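Going down the list, the sequences are from chains A and B.
With the working numbering, letter number 189 in the first sequence gets 189, and the count goes up by one each step, no holes.
With the working numbering, letter number 38 in the second sequence gets 1038, and the count goes up by one each step, no holes.
If you are wondering where the hints come from, they were derived from the structure by calculation, not from laboratory data.
Source: prediction; values computed, not measured.
Keep in mind that the hints are not guaranteed to be accurate.
Unchecked claim - For lysine to any residue, the following SDA-like pairs were computed, each having C-alpha atoms within a straight-line distance of at most 25 Å:
(1) Lys165/A - Tyr1030/B
(2) Lys163/A - Leu1022/B
(3) Lys58/A - Leu140/A
(4) Lys58/A - Gly6/A
Claimed, not checked - Computed footprint of chain B on chain A; a stretch qualifies when at least three of its residues, placed anywhere within it, have a C-beta under 8 Å from a C-beta of chain B:
(5) 43-53
(6) 58-72
(7) 80-92
(8) 145-151
Positions of the beta carbon are idealized from the N, C-alpha and C atoms, including for glycine.
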Amino acid sequence: MLSTAGFREVYSMEGGMRAWDGLAATGAPDAGMSRFPEEAPVEELISLAWSLEEESRKFYTELPSLLSDQDAVGLFHDLVIAEEHHQSMLADLGRRLTNSAAGAAFSGTGTPGDVMEGGMKISDALNWVRGKKLTDVLDLAISLETNSYDLYIKMGRRGSDAKAKELFSLLSAGEKEHLERLAGLLDRKL
Amino acid sequence: MSIIDYFKPIPTMNVAQVRELLSRKDPSEYNLIDVRQPREYERAHLPGARLMPVAELLSLADTLDPNKPTLAY
């Protein structure tokens, strides 16, 4: 169908989604962006992204206290630092786009009830983690990061601000790197 | 479209090739399309995939860059 519509290089995945055994995101196409109209101002997307990073940061900050595996504790500490770095980049661009002074306070839109990407409350996720195997915890973190990766790819397609597109591309690459690290640790712990 | 087009094989990628493609390329370099139904998409989809159910595919195709490699599932 697409080939005949002028698409030059079209492939089909053998076996479709049933055959796929890699990372998968969940939720509707606009999951995480449902409060925003189709052409939401890029400032709002940046603000939402900042909030999502904040929620992930809180979760990863609390998580090590529930874990005994030092490899995992080290990785989640690194993820906290990475989320802070992402927030800093988002805040810089947000301030630039809103003509705020450098160093001015920047905050996200906030999400109802501290809900993380994927719709899970931080408190529920932390309660769920108690008593779980490390591999289950890593699976949860991988699913959260996969949804963030999915969301940043989609945010990068919206709007026309080149700097914002570049930033969302950087953020999606960052999430992809987190995924590789989490998946690598999971492989070693299985 | 020529009737011959109906008999052209559709190139496929296996899961390993898809994984390699998604790992190697930036998401801006390809089109990734999920042609299933919305509820299937909500349950699980490849990161960054656009939902374009088969029945709507042609009407939505003009939102994609036809010069990029396109993977559908």
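*For which of the previously enumerated hints does the structure constitute a violation, in increasing order of number?*
4, 5, 6 and 7
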